[in-house]
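K.L.:
Here are the chains, one letter per residue:
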Amino acid sequence: MTGISESMSTINSLEELADKKTIIHQIHPRVKLILTLLYIVLVISYKPYDITGLTFYAFYPIILMVLGEIPFMPLFKRLLIALPFSFFAGLSNIFFDRQAAFFIGSLPITFGLISFFSIMLKTIFTVMAVLILIATTSMPKIAYQLLSFKLPQMIVEQIMLTYRYISVLLQEVSSMYTAYILRSPGAKGIKMQDMGVFVGQLLLRSFDRAENIYMAMKCRGYDGKFLYAKPQPMIKSDWMILLMTAGLLFLMRFFDLGLFIGNFVR
Amino acid sequence: MLEISDLSYSYPDGHQAIEKISLNLGAGESVALVGANGAGKSSFFKLIIGIAAASSGLIKIDELSVEKKTLKEVRQRVGMVFQNPDDQLFMTKVYDDVAFGPRNQLLSDSEVDEKVMAALEQLDILHLKDRMPHRLSGGEKRMIAIATVLCMDPELILFDEPSSFLDPKARRKVIQTLKKLTMTKLIATHDLDMALEVCDRVVILNKGKIFADGPVKEILYDEKLLLEANLELPLGLQKIN
Chain S
1 MTGISESMST
11 INSLEELADK
21 KTIIHQIHPR
31 VKLILTLLYI
41 VLVISYKPYD
51 ITGLTFYAFY
61 PIILMVLGEI
71 PFMPLFKRLL
81 IALPFSFFAG
91 LSNIFFDRQA
101 AFFIGSLPIT
111 FGLISFFSIM
121 LKTIFTVMAV
131 LILIATTSMP
141 KIAYQLLSFK
151 LPQMIVEQIM
161 LTYRYISVLL
171 QEVSSMYTAY
181 ILRSPGAKGI
191 KMQDMGVFVG
201 QLLLRSFDRA
211 ENIYMAMKCR
221 GYDGKFLYAK
231 PQPMIKSDWM
241 ILLMTAGLLF
251 LMRFFDLGLF
261 IGNFVR
Chain V
1 MLEISDLSYS
11 YPDGHQAIEK
21 ISLNLGAGES
31 VALVGANGAG
41 KSSFFKLIIG
51 IAAASSGLIK
61 IDELSVEKKT
71 LKEVRQRVGM
81 VFQNPDDQLF
91 MTKVYDDVAF
101 GPRNQLLSDS
111 EVDEKVMAAL
121 EQLDILHLKD
131 RMPHRLSGGE
141 KRMIAIATVL
151 CMDPELILFD
161 EPSSFLDPKA
171 RRKVIQTLKK
181 LTMTKLIATH
191 DLDMALEVCD
201 RVVILNKGKI
211 FADGPVKEIL
221 YDEKLLLEAN
231 LELPLGLQKI
241 N
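Going down the list, the sequences are from chains S and V.
Position 154 (the first sequence) corresponds to 154 in the numbering used here; numbering is contiguous.
Position 91 (the second sequence) corresponds to 91 in the numbering used here; numbering is contiguous.
Possibly wrong hints are sitting among the right ones.
[Stated by the list, open to error] 30 Å max Cα-Cα, derived DSS-like pairs, lysine-lysine:
1. S:LYS218 with V:LYS224
2. V:LYS93 with S:LYS77
3. S:LYS230 with V:LYS129
4. S:LYS21 with S:LYS236
5. V:LYS180 with V:LYS169
6. V:LYS207 with V:LYS68
7. V:LYS69 with S:LYS230
8. S:LYS150 with V:LYS69
9. V:LYS68 with S:LYS230
10. S:LYS20 with S:LYS218
11. S:LYS150 with S:LYS225
[Unchecked claim] Residues of chain V placed beyond 12 Å of chain S at every Cβ, according to the derived structure:
12. ASP13
13. GLY14
14. GLN16
15. LEU23
16. ALA27
17. GLY57
18. ASP96
19. ASP97
20. LEU166
21. PRO168
22. ALA212
23. GLU218
24. ASP222
25. ALA229
26. GLU232
[To be verified] Sample of chain V residues facing chain S (criterion: CB under 7 Å; computed from the structure):
27. ILE49
28. ILE51
29. ARG75
30. MET80
31. PHE82
32. PHE90
33. THR92
34. PHE100
35. GLY101
36. GLN105
These are calculated hints, taken from the structure and not from any lab test.
All C-beta atoms in this analysis are idealised placements derived from N, C-alpha and C, irrespective of residue type, glycine included.
With the hints as extra help, turn the sequences into a complete structure.
P.N.:
Right, here's the structure in full:
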């Protein structure tokens with residue numbers, strides 16, 4: 001069960017990074033949330049065959065990671081979880097869209113291959129942006145900002161409690177799996193015939209635990225409004241970072257930087 | 001301090017868990033709530049802190065009656081330490097877990113820090129403040145669970161089986177801690193030896209009703225009474241006899 005213990009530590013480690021005091025961590029949570037959402041929208045808005053413009057967006061996660069002193073490996077491990085979904089979603093493009101876009105020597109580069117890379121890049125960039133937001137801003141602060149954007153409290157609470165309960169679920173899996181393996185000599189995992197009962201019991205136990213935890217939270221004044229995470233008002237430097245970064249993101253989206261750099265070099 | 005009159009509670013399936021209980025606790029009293037499994041101890045606690053709603057009856061914390069609109073204030077005045085500390089500790093760091101209550105009280109950062117440090121120091125667990133709760137031993141978790149409640153300065157603390165799952169040393173530490181706490185304490189427990197040491201009064205619950213209520217040395221020395229309530233003499237007394 002070391003795998004599950006490691007997973008629990010990994011989940012917590014990202015949140016622990018949010019305690020740092022770097023320049024990025026000190027930016028107002030609202031600014032970081034707006035910029036992350038804007039970044040995601042702009043990245044997604046690229047056409048499937050426009051890779052050149054998209055690659056410039058790598059600057060955002062790279063700069064944030066450097067300035068925020070965020071180690072790459074913890075983020076990369078989480079990124080790997082998301083990649084298979086887009087990998088298989090994009091794979092079909094390679095098979096169905098075989099029209100050549102251009103040739104490298106005699107090797108045809110198809111539109112399908114380009115759109116495959118486009119999907120992969122979009123996934124990497126957007127997931128990294130969200131992970132960096134979590135690694136630089138505590139979850140209650142993010143929740144408070146989401147509420148201040150008038151997102152329904154019920155949805156914000158669902159997000160927060162789901163995040164909180166992941167480790168509860170893992171703890172329950174860990175103890176149930178140990179109990180199962182100890183009474184199943186030679187078994188390398190849970191047998192398919194027992195899987196239904198295992199998952200059903202896991203669900204019921206997790207419900208119980210989650211309910212108890214929710215009660216403990218309520219007993220200590222939790223009301224789902226995250227008022228304690230209310231930050232100081234935005235200061236001049238926050239506004240400047242917001243405007244300059246948003247301006248740069250828009251510039252990259254609507255101005256052909258690749259062509260500009262190409263002309264400049266020529 | 002705590003005034004309960006004619007309190008009744010039924011589970012959604014209709015089973016009567018608490019039946020017409022009346023009980024008063026004075027300020028600073030330390031009372032053990034004992035009873036066999038299923039006697040209604042946990043339900044009773046849930047009613048006091050407003051997690052469950054009574055079918056009938058009245059609960060008052062001083063002059064404040066426990067009802068939906070007063071729950072916020074009730075929970076500032078009454079704390080509860082859960083039986084399983086894993087249910088109580090849900091943050092990634094001990095410090096944040098202890099700070100959860102004071103932050104919800106909307107105290108300033110410096111006030112929160114002051115309260116957290118004071119609670120951790122009082123329980124002699126300051127060295128654990130940066131640790132992850134799920135990596136700690138059962139005894140350490142229990143002490144932190146107590147700290148999470150203590151730092152909210154409650155007037156009454158409800159302890160649900162505070163000595164369960166603990167090794168002798170950790171149990172001894174919890175007992176010493178309970179003895180030092182001066183606020184009103186209501187302790188649900190099967191550990192009658194602990195009750196004998198920590199409490200001045202014992203209330204026996206049996207099938208949702210108060211079966212006996214009196215000074216600890218009167219109740220816990222009465223073997224016949226304890227047997228009738230499906231309990232037995234504290235182990236320390238059994239050896240003497």
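K.L.:
Does each hint fit the structure? Answer for all of them.
P.N.:
Do the hints match the structure? See the list:
1. S:LYS218 with V:LYS224: 41 Å, violated
2. V:LYS93 with S:LYS77: 22 Å, holds
3. S:LYS230 with V:LYS129: Given that 30 Å is the threshold and the Cα spacing comes to 23 Å, the pair holds.
4. S:LYS21 with S:LYS236: Since the Cα atoms of LYS21 (chain S) and LYS236 (chain S) sit roughly 19 Å apart, the hinted pair holds (cutoff 30 Å).
5. V:LYS180 with V:LYS169: 17 Å, holds
6. V:LYS207 with V:LYS68: 27 Å, holds
7. V:LYS69 with S:LYS230: Given that 30 Å is the threshold and the Cα spacing comes to 24 Å, the pair holds.
8. S:LYS150 with V:LYS69: 25 Å, holds
9. V:LYS68 with S:LYS230: Holds, at about 26 Å.
10. S:LYS20 with S:LYS218: 28 Å, holds
11. S:LYS150 with S:LYS225: Within the cut-off at roughly 12 Å; holds.
12. ASP13: 16 Å, holds
13. GLY14: The assertion about GLY14 (chain V) holds, with a minimum of 20 Å to chain S.
14. GLN16: Non-interface label on GLN16 (chain V) holds, nearest chain S Cβ at 22 Å vs cutoff 12 Å.
15. LEU23: With a cut-off of 12 Å, LEU23 (chain V) remains clear of chain S, as the shortest Cβ separation is near 20 Å.
16. ALA27: The assertion about ALA27 (chain V) holds, with a minimum of 21 Å to chain S.
17. GLY57: Fine: 21 Å to the nearest Cβ keeps GLY57 (chain V) off the interface.
18. ASP96: With a cut-off of 12 Å, ASP96 (chain V) comes too close to chain S, as the shortest Cβ separation is near 9 Å.
19. ASP97: For ASP97 (chain V), whose nearest Cβ neighbour in chain S is about 9 Å away, the distance does not exceed 12 Å, so it is violated.
20. LEU166: 19 Å, holds
21. PRO168: 24 Å, holds
22. ALA212: The claim stands: ALA212 (chain V) keeps its Cβ more than 12 Å from every Cβ of chain S (closest is about 29 Å).
23. GLU218: Answer for GLU218 (chain V): holds, closest chain S Cβ roughly 32 Å.
24. ASP222: 34 Å, holds
25. ALA229: 27 Å, holds
26. GLU232: Non-interface label stands for GLU232 (chain V): nearest chain S Cβ at 29 Å, farther than 12 Å.
27. ILE49: Interface hint status for ILE49 (chain V): holds (6 Å vs cutoff 7 Å).
28. ILE51: Since chain S brings a Cβ to about 5 Å from ILE51 (chain V), closer than 7 Å, the hint holds.
29. ARG75: 6 Å, holds
30. MET80: With a closest approach of 5 Å, the MET80 (chain V) hint holds.
31. PHE82: OK, holds: PHE82 (chain V) within 7 Å of chain S, min 6 Å.
32. PHE90: Holds. Min distance 5 Å.
33. THR92: Hint on THR92 (chain V): holds, closest Cβ of chain S at ~4 Å, below 7 Å.
34. PHE100: 6 Å, holds
35. GLY101: With a minimum Cβ separation of about 4 Å from chain S (threshold 7 Å), the hint on GLY101 (chain V) holds.
36. GLN105: Since chain S brings a Cβ to about 6 Å from GLN105 (chain V), closer than 7 Å, the hint holds.
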